[in-house]
Amino acid sequence: MQTDTTDVATETVVSEDATAASDAASALNVHGASLVVKDLRVKYGGVEAVHGISFSIRPGGFLTLLGPSGCGKSTTLRCIAGLEPPSGGSIEVGGETIATVAKQTPPEKRGINMVFQSYAVWPHMTVAKNVSYGLKGIPKEQVKERTEAVLELVGLSRFASRYGTELSGGQQQRVALARAIVTRPRLILFDEPLSNLDAGLREEMRYELLELQRTVGVTSVYVTHDQTEAMSMSDHVVLMNEGNIEQADKPREIYRRPRTQFAASFLGHANLIPGVLDSSGTRLTATDGDVIVIGEEALTESAGKSASAVVRAEKVRLGSAAEGLANVWPGHVEHVSFLGRYLDVTVRVGRDLLRVEVRDGLPLEEGQQIAVGVDAVDVHFVPGAETEEKK
Amino acid sequence: MTLTQEFDVSNGLPDERNPLSPTEAIATGKPGRARKRPSLFLWVVLVIMLVLVGAPIATTFAGAFASGTLGLPNTTFSWDAIWRVYFSGELVWPLIATLLLSIVVALLAVGIGAAAAWVVSRTNIPRRNLFELAVISPIFVTPFIGTIAWMVLASPKSGMINVNLRWMLGLPDDAVIVNVMTLAGVIMIMVLFFVPYAYLLVSSALKNMDPSLEEASLMNGRGTFATMFKVTFPIARPALVAAFFFIAVLATGTFTVPQLLGVDMGFQPLSVKVYRALAATPADPAFAAAVGTLMFWFTLAGMYFYRRAIKNANRYVTVGARGSRPRLVKLGWTKAPIFVLFGIYVLLAVVLPYTALILISFAPYSITDFRKLDLSFENFFSLASAPDMWAAVINTLLLGLIVPTVSVLIGLAVGYVLNRERGRTSAFVEYLATLPMAVPGIVFAMGVLLLYIRTPLYASLTIIVIGLVGVFIPHAVRFASNGIMQIDRSLEEAARMSGAGKLRTITTITMPLLRPALLSAWILLFIIASREVNETIILAAVKTRPLAVVAWNFLSSGTIQQAAAGGLLLSIFMLIAVLIARFVFRAPVAAV
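Chains Y and C, in that order, are what the protein sequence lines are.
Numbering that gives the first Met the number 0 puts the first residue of the first sequence at 0, with every later residue one more than the last.
Numbering that gives the first Met the number 0 puts the first residue of the second sequence at 0, with every later residue one more than the last.
Keep in mind the hints are simulated off the structure, nothing from the lab.
Fair warning: there could be bad hints in the mix.
[Stated by the list, open to error] What follows is a set of in silico ranges between Cβ atoms, one per label pair, in the way DEER data are often shown:
1. G498(C) - I293(Y): 56 to 62 angstroms
2. E95(Y) - G342(C): 41 to 47 angstroms
3. G136(Y) - G169(C): 54 to 60 angstroms
4. V583(C) - E95(Y): 57 to 63 angstroms
[Said to hold, decoys possible] Pairs of lysine-lysine residues, derived as BS3-like cross-links and limited to a Cα-Cα distance of at most 30 angstroms, are as follows:
5. K501(C) - K42(Y)
6. K42(Y) - K329(C)
7. K143(Y) - K229(C)
8. K108(Y) - K128(Y)
[What the hints assert, rightly or not] Chain Y side only, calculated, beta carbon under 8 angstroms to chain C, not exhaustive:
9. I111
10. S117
11. P122
12. R178
13. T182
14. Y206
15. A320
16. E322
All C-beta atoms, glycine included, are put in the ideal place defined by N, C-alpha and C.
Chain Y extracted, bound-state conformation:
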């Protein structure tokens, strides 16, 4: 992925400012450093789990490593933390190389902090002790001041003298968060921090966490398998699969312009129609049937080759709404289920099944014939199945 190298260049200045500034007493006065990961490889128990990935973040940025379990995202994160050694490549924070194969700065000396999936709130310490643990070598009053300020920030002042495990999951999460920001790290790593919370609390914490990150302004790397978290929180998403980066971009871009079938299907309800592109790269003939899909943007690299058309479920129109669109196909309603906010409809077009979100209260019956339409703007092409290419 190419994040502007200018970011990297300017940030060193910023981070020096940041260290100077962080010596001033405000607990909120934290700035992040940039992070550059170059061709990182990690072996985990003899098997290479990460196959040479590169990405970078500007100071204060929020980057998410997204992917299914076992894709190497947590391994990458642990490698940045210094908890795993790399087997290739390098990691730089604030322009300083902290890990190569030959030399790794120990985790405690990296100026990085981390929020763990299990929170890792120490059970033998109070909340205040947990939070102030990382503050050593500074006067007691300052430790107290900073601890109190951070606890105030996460709304846990009342619980300062409680023991960590006497708190609820959400509160423990806040302790972990407070503990991670109080040391004013150059970088905070989040390892699926919300995955142990129940759905409602998860949403609440998501906003809280994001707001806090904005307030503190620290550079953040966030690992999750939850696309909603990735989409809503980060300015950059690095989508990983099987130890490789599938795509790295702004969340909206990945959603709108996925570059691979995996990227298309991992985010949102995408319908993939496999077929062959014509020489212009804008017209796809579906493999199974007579369906032709026309898109606005050409995929020149796959012109004349196999490709898939990506059509988001919410962009498909049915019935009269389909009239006049660039693509109108005859469809057959296979299945309708009512999900409250919308109808989840499965229609058969040619031999492909398309999922459609219908929000206009269209009366639909299973077995009904209906027109299915998609605008050319909402059609996006990705290269054909990789498995075929590899063969």
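Take the given structure of chain Y and dock chain C to it, following the hints.
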């Protein structure tokens, strides 16, 4: 449904409350919903526990107020023994010395065990399993056999090391290079053979710890050592305290080592006083019982502190994330000294003792001079022809089979009651089930002896079984209870919903799931039962002596080489049994 879950529903603020573990909920007597009446089964368990545990302890107290042996016709009520023990001041110094000895032994053993556990679980030491085996293996040697071996090795006059180094180094005939018959020797032997217990308890705590707790410390800028002392060991505190207390009580009750080695120690530990009062002619059981009650108070106090220390143990229960393994500290130059330390430990606890045992077992007289060594099977022949030798082997085998079986069955019943029934009665049962932990074996055995002295059980094998089962109950209950606790109730409920009756559920779901826990309990108790001396020696009669007691008697009569042969046989016996368990029944052997 557990009590804690019930609370969650009722007060709606589950998270703000310190959750109580089921056992804690019982201990603190917090009421559940309508408390059920104790079932018949609970009453049965209660009666069994009262007979096996309550009665011997009560008898010890009663025995302390007797003029002679409690239960014999001429015995009357008397304050003599109580006065002598509690008020004459005679026992002040031995009491303090006993406590100090136990504390020093426990501290050293826990220190070494914890350090070894940390090295094995947290560093990149090569051949981890071999190191683990090295630390655990002395558990098969036992303090008693170890003592025999070290008497052979390092008694001041005829110890193998002294005799041979004298001529090798050209020293005078009365030079003493090492002497195990000292206070330091007593401490060393006990520490050497108690380390495995400390190791097992601490290492399981370290292995079950969520690695991210330590990683979080690193991320907060603390290095390896700060993390070890501020996070790792504090979180493992319940295990450390448990190990300390366990070993301290074990050391308090071990009279074999100080009795054999501690002649010049300057004091007699209380356990030795109890033994001598019982073994002397004429015996003074009232005095022994009174000393026993004195020891009881102190171990009870220890137990109180132990329970208080682990009261918030549930605070320490850590739910690990995705079974990630802990980050291993890279050993640089420290690797060599660590290897050497492990090597010294194995040398002292296993290699030297067994070498000595084997050599002396084959030596015709107790000759320890390598130049005059003339090996033969003489001792084994005389051992085999010794009176009641075969009876001893059979007794050992019987005890080894019956005691663990009975203990595990009772442990299972108690564990079941503790987990499935709540209330004052089951809390009392739980208390009874942990009580023997606080009673030194020799004191408990004396209680059993006094209790059954006028019944046909006296001098039978059954009385040994009763005594050993009573002492082993806490271990059996702990295993069974942990096993039952780990079985999610929904597994049993799913069986019921699938149409299985109560009995079928227990036989097809509960028992198979409990099998590993029960099997490892059985094996541990088998090992302890077949080598037990501290209790058995009080309870065994001529015809009911097991191997360990026979070896003890050889030692008392001065034929150390036959004692050594007996000890060696016992070790081989245990080893074969454990190998059978490990490879035939595939039982996990390493869990205490």
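Structure-based check of each hint:
{"no.": "1", "hint": "G498(C) - I293(Y): 56 to 62 angstroms", "in the structure": "holds, 60 angstroms"}
{"no.": "2", "hint": "E95(Y) - G342(C): 41 to 47 angstroms", "in the structure": "holds, 42 angstroms"}
{"no.": "3", "hint": "G136(Y) - G169(C): 54 to 60 angstroms", "in the structure": "holds, 59 angstroms"}
{"no.": "4", "hint": "V583(C) - E95(Y): 57 to 63 angstroms", "in the structure": "holds, 59 angstroms"}
{"no.": "5", "hint": "K501(C) - K42(Y)", "in the structure": "violated, 50 angstroms"}
{"no.": "6", "hint": "K42(Y) - K329(C)", "in the structure": "holds, 17 angstroms"}
{"no.": "7", "hint": "K143(Y) - K229(C)", "in the structure": "holds, 19 angstroms"}
{"no.": "8", "hint": "K108(Y) - K128(Y)", "in the structure": "holds, 21 angstroms"}
{"no.": "9", "hint": "I111", "in the structure": "holds, 6 angstroms"}
{"no.": "10", "hint": "S117", "in the structure": "holds, 4 angstroms"}
{"no.": "11", "hint": "P122", "in the structure": "holds, 5 angstroms"}
{"no.": "12", "hint": "R178", "in the structure": "holds, 7 angstroms"}
{"no.": "13", "hint": "T182", "in the structure": "holds, 6 angstroms"}
{"no.": "14", "hint": "Y206", "in the structure": "violated, 20 angstroms"}
{"no.": "15", "hint": "A320", "in the structure": "violated, 46 angstroms"}
{"no.": "16", "hint": "E322", "in the structure": "violated, 51 angstroms"}
Consistency note: the structure conflicts with the earlier hints numbered 5, 14, 15 and 16.
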